[in-house]
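In case you want the letters, here they are:
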Amino acid sequence: MRVVIADDVMLTREGIARLLTDAGLHVAAQVGDATSLLRAVGATRPDAAIVDIRMPPTHTDEGIVAAHQIRAGHPGVSVLILSQYVEPHYAMRLLDELPERVGYLLKERVFDVANLVDALRRLADGETVIDPTIVARLMARKRRVGPLDELSGREREVLALLAEGLSNRAIAARLYVTERTVEAHVKQIFQKLGLTTDPDSHRRVLAVLAYLRNPA
Amino acid sequence: MEHAEPAVAPGRLRAPPRLAAALRVAAGLTGLAAAGGALAIAAGPGQFTTYAGRSAAGAVLTSCAGLGMVVAGLVTVTAGGSRRAGDLSLLAGLTWFAPVWAAWQDGPPLIPSIATVAAGFTFPLIVHLVVAHPTGQVRTAAARIFVTAFYSEALVAAAALALFRNPYSDPGCLANCNVNIFLVRSLPRLARAVETFDRWFTATAALALIAMCTARLARSSLPARNRLLPVVGPAMIFAAALIARAAVLQVVTVEYPFNPTLFTIFAASSCALALLAAGQTSGVVRARSERRAVARIAASLDEAPAPGGLRSALASALRDPGLQIAYWLPSWRRYVDASGEKVSEPAVRPGRTVTRLTRNGRIIAAVTHSDAAPDIDDHIGPAIRLGLENERLRAELLAQLTELRASRARIVRAADAVRRRLERDLHDGAQQQLLALSYDIRLARAAAQADGNGQAELALAGAVEETAAALEDLRELAHGIYPAVLADAGIAPALATLADAAPLPVDLALAADRRYPTQVEATAYFAVAEVLAEAARAGADHATVIVAQRGERLVVTVKVTGAGPIPPMVALADRTGALGGSLITNGDEYTAEIPCG
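Residue numbers (the working numbering), protein chains in the order written: chain A, 1 to 216; chain B, 1 to 597.
Keep in mind the hints are simulated off the structure, nothing from the lab.
One or more hints might be untrue.
[As the list claims (entries may be wrong)] Restricting the straight-line Cα-Cα distance to at most 35 Å, the calculated cross-link-like pairs of lysine-lysine (DSBU-like) are:
| # | chain 1 | residue 1 | chain 2 | residue 2 |
| --- | --- | --- | --- | --- |
| 1 | A | Lys142 | A | Lys187 |
| 2 | B | Lys342 | A | Lys142 |
| 3 | A | Lys192 | A | Lys142 |
| 4 | B | Lys559 | A | Lys192 |
[As the list claims (entries may be wrong)] Stretch by stretch, here's where chain A covers chain B in the computed footprint (C-beta under 8 Å, at least three residues):
| # | stretch |
| --- | --- |
| 5 | 347 to 356 |
| 6 | 496 to 502 |
Don't be surprised by glycine CBs; every beta carbon is placed ideally from N, CA and C.
Given only the sequences and the hints, what does the whole structure look like? Please build it.
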């Protein structure tokens, strides 16, 4: 798998590159800003781009803007946004604007190379990746008594993994159950929450996240 | 620039009203009698010896000038002008008829004798009147000496002529050539010399008057000049006519009314006197109406006009809608309007004049008004000055309030900027270093694992956990100082994230999903954050946050349920107030209103 890394902090860039190289991935380019990133993506045609959300010049949302541009020019390239913020707003904005193969991970997560490689593979498989910390925060949100309380413990586990962007098969593997069992759980959950099931994994993730944030 | 003293206050130096009225009636009747008698004499014995007898034009000129001065005198006294000026006008009008009365050769001898003496006083009276205009008081020492010297000379000349001039032996006599009951001894050469001296002294005095009037007009402000000119201008023509008369009489000896040059000079001086009378009258009447209008303002000051109210009152009183008042704030070294807004220093422009008004020796305001208005310094009495001072003080308070508001808002902005920078510094500095540390520890752990050093691997695994916890804490800290999403995406996403992590269930109703000025967004955000934190501490079990824009204000409401008493949030109220907004507590409902226009 060929990867391009964009982060304005050289230490981070280098660290990620070394971990990925050690894990047997090919780092095609390392850049420090959005303009160089777009140029590198055009030149090297990678499978995935790992992009820091904050880059020069304004250090706000350059990463998300760059993700748009990559997707517009090179629809096959997965984009994994690295962020220092546990901020559902950015993650949901990303999912809302870019259909499929986008991820939002907290920065410290990437130094656990197994995590990082797993995220890149999931993106390559067409899944979505949302940082577990964000999902945990949303799952733990204080709420009035409602449909979420009717979910069983196992159903809550499945819901969290859905929100992280895992496919049914990936959830089944994670929970050591059959895919059919997961399908049954998902159907149950969506029924209880009043959500319509959507075969599109991406839209399913967004619907779950939106529900967790603001149950209608 | 000339500043006249305030006009004499009504009622001061006055005869009791009934007596004053009687005197006025008497003076009016005397004036009418003097005019009527003069016309009768002109038609009879004075037919060939007086200008009034020479022709109908002469009669009309004589009457208009004399009666005009009498009327001007009466109006001046009646309309509350200077009593002295009124008396002077009246006397000048009466003496104007004296040369005609002197021609009553077949009447009682006393009358032509007195008339001959009185005729010499018309010009001194006019000089006095003009020099004292418009207040009726001669204020400079030089002017006082001038007036006194002129009266003295007229008195001495009149006395000398009365005692030593024998009309029979006067080659220059015409109207009165036979009556002088005051004659003590006939000294024709002395009398002749006195007459010549008196003529040339008068001519010199006339020249001096013209010079004084010119100088006075030159140094006067435009409004003062406009007010002086109707009286001073005719007086200068009158004086010029006297000089011309002296020159002609040096040649022709006898003042023969049928001499065309002399009649022209007489006509000019008559017209000048009539104009002077008209100028005096209109000035007094106008001053009275203005004084009354200004007095009305003084009377209405009890009603405490709104800021700027005094301006419109003065503008309508002086019939000058463009009138502007700028208040002087000495401690700020600047002029402000009634609402405390800074204005540029009032300057004289074409058609506009600036009058600086003082109270107790200090400038309180500068009034920019029309040139046509009188010198308003005269008209503005202590009551209005007090009103102006009150408005000035209020303007100063308002200016201070504006400055205070601006400075509070600046403090909030500066504090927010510091928070924002601190948040960035934490992310870009400490957090990056912690990340690097966490990376190094992971490498070390991998190395320990490869070496089979189980103890080190365990310790380093613990260190990885601790760095992760430190990163988590740091992230929470930075978020609490200033959420990046608030700066990047605005109030609605920031409040959504706040609700995600709130210690109690929070429902959001965000109807204002657009960007507002940074300090407005920050204030709204921190208001919600603080109320939620306090409510949770007080045991609240639920909160609803409503954000909406109402007109020019962003209105943020937090309704909580189940909370115990919440202590007053002074810092939050200060912060909202600093932006000109308010924080209102109504039971369990907290509303911050922040101007966002």
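Which of the stated hints cannot be reconciled with the structure, identified by number in ascending sequence? Hints 2, 5 not satisfied by this model.
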